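Chemist: Listed here are the chains, written in short residue letters.
There are 2 protein chains.
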Amino acid sequence: MAAAHMSVRSAFTGLLVALLCLGSAQGGKLLVIPADGSHWTGMKPLVEELGRRGNQVVVVIPEASLSMGPSEHTTTLTFPVPYTKESLTQGLGEELLRLMTTDVSTTVARLKNHWNTMVTLSNVTMITCESMLYNKALMQTLRDYDFDALLTDPFWPVGIIAGAYLDIPSIYIHGFLPCPLDIIATRCPSPVSYAPVRYTHYSHHMSLWERAVNLLMSWLEPAGCSRMYIYADKVASDILRRKTSIVELASNAALWLMRFDFTFDFPKPLMPNMIMVGGMKAGKPKPLPQEVEEFVNGSGEHGFVIFTLGSMVSQMPEKKAHEFFEAFMQIPQRVLWRYTGPVPENAPKNVKLMKWLPQNDLLGHPKVKAFITHGGSHGIYEGICHGVPMVMLPLFGDQPDNAQRMVSRGVAESLSITDVTSDKLLAALNKVINDKSYKANMEKLSAVHNDRPIEPLDLAVFWTEFVMKHKGADHLRPAAHDLNWIQYHSLDVIALLITTALTILLILFKCCVFCFKKCTGRTKRHKNKKE
Amino acid sequence: MAAAHMSVRSAFTGLLVALLCLGSAQGGKLLVIPADGSHWTGMKPLVEELGRRGNQVVVVIPEASLSMGPSEHTTTLTFPVPYTKESLTQGLGEELLRLMTTDVSTTVARLKNHWNTMVTLSNVTMITCESMLYNKALMQTLRDYDFDALLTDPFWPVGIIAGAYLDIPSIYIHGFLPCPLDIIATRCPSPVSYAPVRYTHYSHHMSLWERAVNLLMSWLEPAGCSRMYIYADKVASDILRRKTSIVELASNAALWLMRFDFTFDFPKPLMPNMIMVGGMKAGKPKPLPQEVEEFVNGSGEHGFVIFTLGSMVSQMPEKKAHEFFEAFMQIPQRVLWRYTGPVPENAPKNVKLMKWLPQNDLLGHPKVKAFITHGGSHGIYEGICHGVPMVMLPLFGDQPDNAQRMVSRGVAESLSITDVTSDKLLAALNKVINDKSYKANMEKLSAVHNDRPIEPLDLAVFWTEFVMKHKGADHLRPAAHDLNWIQYHSLDVIALLITTALTILLILFKCCVFCFKKCTGRTKRHKNKKE
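Residue numbers (our numbering), protein chains in the order written: chain A, 1 to 531; chain B, 1 to 531.
In isolation and in its complexed conformation, chain A is listed as follows (with noise of 0.2 Å):
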């Protein structure tokens, strides 16, 4: 606990540092709360941006993570967790060698091989969330320096439950969650005949069948979400000192901002605190380092295929890493392959085995003619600004739906990681490079996906100061939740009309009987008196 306080206590003195540094800005005081992994990569661009012009901006991660770190233009202040990023990337490891050896075929399979890694993550994520919360010393840090607004990502319910403490608008930013929370906070109707539950690996144009199993799988999605914040319910309780819960704590957000458009995700309706910053991170390619462009310039006119299954993964079983080796060694094209593993002796001579890859850019070279991809969002959005067909490895989360996502518009084709063949992957290849449907869909995608009246990264920017400007953004946000679930769902103006028609029915059925009764009456008498 001492240590805790001696790190927030410099910590703190790093944020005065940062208050004289930036003192004379005209910006906005912005406190950001990222989660860990792409969720961080996806979220930096804009927190940069936005330091960029002027913003004071303060980002709080843990002292240990997968991939964060200080960013341009902000102070970072640190707090201690009881794990390390060795422990971190350990544990991903082991999970990630679980996910590409457990068979998912069936969708109870795919769907317990997901809670499974949901349970996992959460654990993490609980733990550095107490690890924050509960250090009054940085609570009490933020909350002195009266933050105009917090950007977080909600994947990581610590930012939605500061929020709530500290009493000032979020705004949140994400590409993925867990859970419908987007759904259900934003009170955003989702069409279950054509708007696919995540999981479910649907396109919008579904069969009988899958939209009778979608309507289930919506039924079953808020009981999912109670059950995946049941612990983060208590946590968010016991700090705010009242009942709540994260889905009510999140229903106060002022904006969402969505790292979707509808290039990638299928149209559905919006609410209008929800603004799609889709493709933020994608842009104009840089110049390759010169070992690199060497390469690629020198495959001639078969060009290149990038092979990464994103920031997380560089390895992977001996045995399937040969199906890949086995693979590539039969194709024309040269490939650049994001692997630390080990190589086996006769490794062809085509690919080229890096640590790290300058995807976009690399992306964004006229040579290049497939992306093998695990299906992660950023990577996808880089894929479509620049316009190269795809194979699709996922993994978990998200990405089995990206990939189906693609696979529908027919730019791409998707295997199965965990039963991938060195035949398999060749005619996904060959399929994707040499039928030509698939570069000309895609072209016509990134057409529509980089013609937008506003760059989305300008987007979220201006939606982040307008926050922070205007301390909300009231006028968007819909009297739904105003509601409870029943007069959200009219259920008692419902009762009250059929209340009132029955009265009605009973009143007009007295009447009759009442009048039945009087003219039978006055008959029988009449026809006693006749007789």
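A couple of the hints might just be wrong.
Since the list gives no way to pick one copy over another, a pair counts as held whenever it fits inside one copy or between any two copies.
[Said to hold, decoys possible] Result set (DSSO-like, lysine-lysine): computed pairs, CA atoms no more than 30 Å apart in a straight line: (1) Lys234 x Lys469; (2) Lys431 x Lys136; (3) Lys444 x Lys284; (4) Lys352 x Lys469; (5) Lys284 x Lys471.
Rather than coming from a laboratory, the hints here were simulated on the basis of the structure.
Just so it is clear, the structure is predicted and the values come from calculations on it, not from any experiment.
Starting from the known structure of chain A, fit chain B onto it as the hints suggest.
Modeler: Below, chain B without anything else, positioned relative to chain A:
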């Protein structure tokens, strides 16, 4: 018919001349079919800007209209109609007189009144519609021109049908539609619990009773739409030689440019192909004519009030006008009034009557204190843009709903034109001028409205050019349009699930009965044996 042919032939020549002039232009070829009155005023800046940016813009209008005429940077084609500008103006005057003097204190009276106006408008609309669509020479000319897209206001169904006939992508721009064509044709969810149905005059916060009325009205709306377009549906089916409807044709629109934003309208779900371009017309005020500038500058610290009931109304019954003169006499502000009716001898000195008002320039003047308006969307946006509190006197169409929106935001007072008195007017004016909350609320609303990532005019230009360039906006079209009503509402899925559940239950029940019989049979036999 011969006259029609001549007119079209000369128009065709005009078109060719335009072609030659614009032959070198880099932009697309855009057909524009506007609607009359304020609809044209709202669309004109976009049409002119599209022409200015190098697109070949051809505007097709009837020979006689209320407000339509040539616009800059465009080519205008006219077609003959069996009415004159004078007959239109006279008809409108009579209709407005009826509106100003009819008591609409009850909901039923209001709806009946509204329906009558709509029927009158619809009759003129359909005459125009037929005059254009059955003008074979004109339609052939338009077909020959091979336009890239059509820009039309769906308030007049003529554009909707012409787009389908010419088989070109359509962009709809609208501020008001007589029935919820936009909601039905785009399949946009509109939750009745917080999205008030048009003509209810409700805000987004409704009581139980209001939500009940809203629900009932929402059930009636599709029927209202069918009834409204009953004749247009016939014309469309005849022109296109297949059974169709306006709603079906409108569902094929590539984009809907909505002249709204959420400082005016209540926040609710949107579809991806709905683009909000509210406030396109309002902008920086230009200097006033010297005479007007002197008048308003002479108003001292009290400032001045602007009074106009829109481009179509510059007169009113003498008795009613008297109430206004009477009220204006009692305020310290000067008044600029667009009025061409008879002036009483003792007309107050602080009132300046004008045939036409530079509305936006006056609203942008620092001395303006209040804006008395009928509540047309253009005036409202100009008022919001410059932060001027309002007194609203809605006449018809969307105006009563518009007034309610402004009142619910605490920036306006609303009065009924049918029973307005000098006392009521005085009270309302004093309230919006002297109660500082109106100005404060309006300034907040204005700050939010004016703070936007891209100007609405630029946004509208961008999306129109996008549709021309990409031959539509298919990536924004939800798959909802490929489902029938039963599929969209998942009724077939629910039927399937119920059938499956019942079948399983039945089988289980039969199994149980079978087992029970077996068991009891065996026990009986067992007993019998024992006995």
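Chemist: Hint by hint, say whether it matches the structure.
Modeler: Each hint, compared with the structure:
no.: 1; hint: Lys234 x Lys469; result: neither (33 Å within a copy, 53 Å between copies)
no.: 2; hint: Lys431 x Lys136; result: neither (57 Å within a copy, 50 Å between copies)
no.: 3; hint: Lys444 x Lys284; result: within (18 Å within a copy, 39 Å between copies)
no.: 4; hint: Lys352 x Lys469; result: neither (50 Å within a copy, 40 Å between copies)
no.: 5; hint: Lys284 x Lys471; result: between (34 Å within a copy, 26 Å between copies)
Checked against the numbered hints above, the structure violates hints 1, 2, 4; every other hint is satisfied.
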